[in-house]
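Chain by chain, the residues run as shown.
Number of protein chains: 2
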Amino acid sequence: MHTTQALLDSLVDHKLAINLADTAQKNAALAAMADQLEADTDQILAANAKDMLAAQGKISSVMQDRLLLTAERIKEMADGIRTLIALPDPVGLTLEETRLDNGLIIEKRSQPFGVIGMIYESRPNVTSDAAALAIKSGNAVILRGGKETFASAKAIVTALKAGLVAAGLPAEVIELVEDTSRQSALELMTAKGKLDLLVPRGGAGLIQAVVEQATVPVIETGTGICRVYVDKAADLEMAVRVVTNAKTSRPSVCNAAEVLLVHQDLAATFLPELEGALGGQVAFRADEKAASYLQFTQPVQAEDFDTEFLDYILVVKVVANADEAIAHIAQHSTGHSEAVVTADTATAERFTQQVDAAAVYVNASTRFTDGGQFGLDCELGISTQKMHARGPMGLREMTTYKYIIRGNGQIRQ
Amino acid sequence: MHTTQALLDSLVDHKLAINLADTAQKNAALAAMADQLEADTDQILAANAKDMLAAQGKISSVMQDRLLLTAERIKEMADGIRTLIALPDPVGLTLEETRLDNGLIIEKRSQPFGVIGMIYESRPNVTSDAAALAIKSGNAVILRGGKETFASAKAIVTALKAGLVAAGLPAEVIELVEDTSRQSALELMTAKGKLDLLVPRGGAGLIQAVVEQATVPVIETGTGICRVYVDKAADLEMAVRVVTNAKTSRPSVCNAAEVLLVHQDLAATFLPELEGALGGQVAFRADEKAASYLQFTQPVQAEDFDTEFLDYILVVKVVANADEAIAHIAQHSTGHSEAVVTADTATAERFTQQVDAAAVYVNASTRFTDGGQFGLDCELGISTQKMHARGPMGLREMTTYKYIIRGNGQIRQ
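Going down the list, the protein sequences come from chains A and B. Okay, so the first sequence: first residue is 91 according to the numbering used here, each after it adds one. Okay, so the second sequence: first residue is 91 according to the numbering used here, each after it adds one.
Simulated from the structure, these hints should not be mistaken for lab results. Keep in mind that a hint or two might mislead.
Said to hold, decoys possible - Computed cross-link-like contacts, EDC-like style, restricted to lysine to aspartate or glutamate with a CA-CA straight-line distance of at most 20 Å: (1) A/198 - B/467; (2) A/284 - B/396; (3) A/322 - A/396.
So that you can see chain A by itself, here it is in the shape it has in the complex:
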């Protein structure tokens, strides 16, 4: 077994091979990685069967389904890698260029971070997605998945490494952490000088631990307590449609709505319509005013406003006006996605200006916060922080830049 420190040192030693690889080399590697993944289908399924066996009785059937691989899912992972080949290379772009009076030429050029770390939970496909995004963006990568997917991830990484080698790149630029204890996560968080960026993907507990303990640069992702505010000037039919979509089209994802804020003037007409439209599919947790307009609801608890249920549960609160809605969001926002439904352009403008989140919607569902929907073609995650990257992160957000200054002996006066 390799220690996490040994893997980090090896990545630092080998990173230039991928940091400096040209577009053709990287695309050849992606093609070979995808092919090898499919070629290794039997081995990957055998490894996955081990994970599934170990998981029996330990995790829910929903989680077991997330863990399960099939030949079709492996093909999807390979095709996912192949879609990256056609995307523009984010590395080596001249972002700006200035020629000074003294003749110096200052070029701001995009480049990979160097070594990226990813900490994530469940879903074996994240292993191939993250590795492929790292390769396309010229980064060496260290992956730390959950204990319950280790055998699957190991088999996947073995295939990806073979693909790298087939394309003439060293296998050592993609590594999987072998120690799945908490200790290895802490080693990644504190690998200052070795790890140039750490992206945790997972629940609030993981993100919180990383924020508190990391000394390496981190991009927080994922936790989304999204809200829809239905203003008094909302189109009723539109409001029902948007809230229904935001809540029920896929409740388990971070861009699903968790909280509904309703203007007091509209609550009496809107809430019964919404309850009728949802047809018992969603359990309400309503404040006192909202409850008076609903047939079936539980009373809301204070902590419900700060809980990411990821389930068919909707917290409902009646507010006096848009300002109360905006203040409520300022107090509880996780910085992900917030929406207003209103026909009043002044209210819409105030909402978009004052609400501080990655994505602020007017008359549309929060469910659109997604790299694919935003036209990024791929997505490493949704950043909920304000530094470097905000909202859906694509290949561009996996790069940094440097200034290259060319002269002929210039000195500063």
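Put chain B on the given structure of chain A with help from the hints.
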């Protein structure tokens, strides 16, 4: 006295007034802040005299000079604020706009971070510089200067606050931390959810403490151990000129060179010429090979390669070739500025590609790494990290962005 927590809470309560201020309001505030600073010259000088008295015998005469204010220096601070007025407003810019097939319009719009914190040492002018940059970029700001400049900083902030009020903005968007103990620095570092960005400016010890303890987003600035590599294909006269400028034009700043790497084939001719040119102004600390070509030098110690001397000291090492120079830099770089002097374009290309620093120079002095020199017109600091901002940070780097999505009832399929 206000506690740091009370100041942070007050900033959060008042931040929207500056976050949402338009360009005219912000420029009016800057003009009034500059005027008030000059109008308060007597009060500021009286406060500075207190700081100077308290400093006597405690800090070096160089540091005392950095601490000293004069009417002329206050005028310079005011003029520094006035130069920001003409600069473009970095807030509210449409960075990108996409119209999706479903009719959704996705706008990526620049916006202030919200509340920015600055921790810095000595130099009273940093107080007015940082506050003015924050106001221009639409951010509320909390300033924590050193204990030795507290009275001066307090008088300066009093003037700046009066300027804000004269322009119709709340005084509470610029605050000075009153507690100058380590505790208040720690409170800023861990003010998660209140402070949107923390920028430490100061020595390696301060930066290190912030990186280790901060849970809020941080931009590391300042520490620069810059190197010049003189290649075998260097023009001798140019190499002497560049090294002399990089080392001696202003040794106390972060973009001054600390280490000279010399190709072994050139060392015998170059080092004596350099020693002659420097005329005893610089003390060498040379490795064994380099020492054999120098008349006066001390032997280098291992830690000298990782020390920011900020003084007339030059560490000298002879290397076998460009690859050894590049490897040495990879091991010791602080990510600030690194230069090569060479007439060989292939070597120059390899150096710029492989050296990972904010600024990589070919045939020019490291002393150009500076916001003003890079055409930014102003500078909050030099970022030595790769996330969000790298190298000189101007107004643009003090902003983030959000996505504003406008629809007419779109839902996700």
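- Message: I'd like to know which numbered hints this structure contradicts. Please list them from smallest to largest.
- Response: 3
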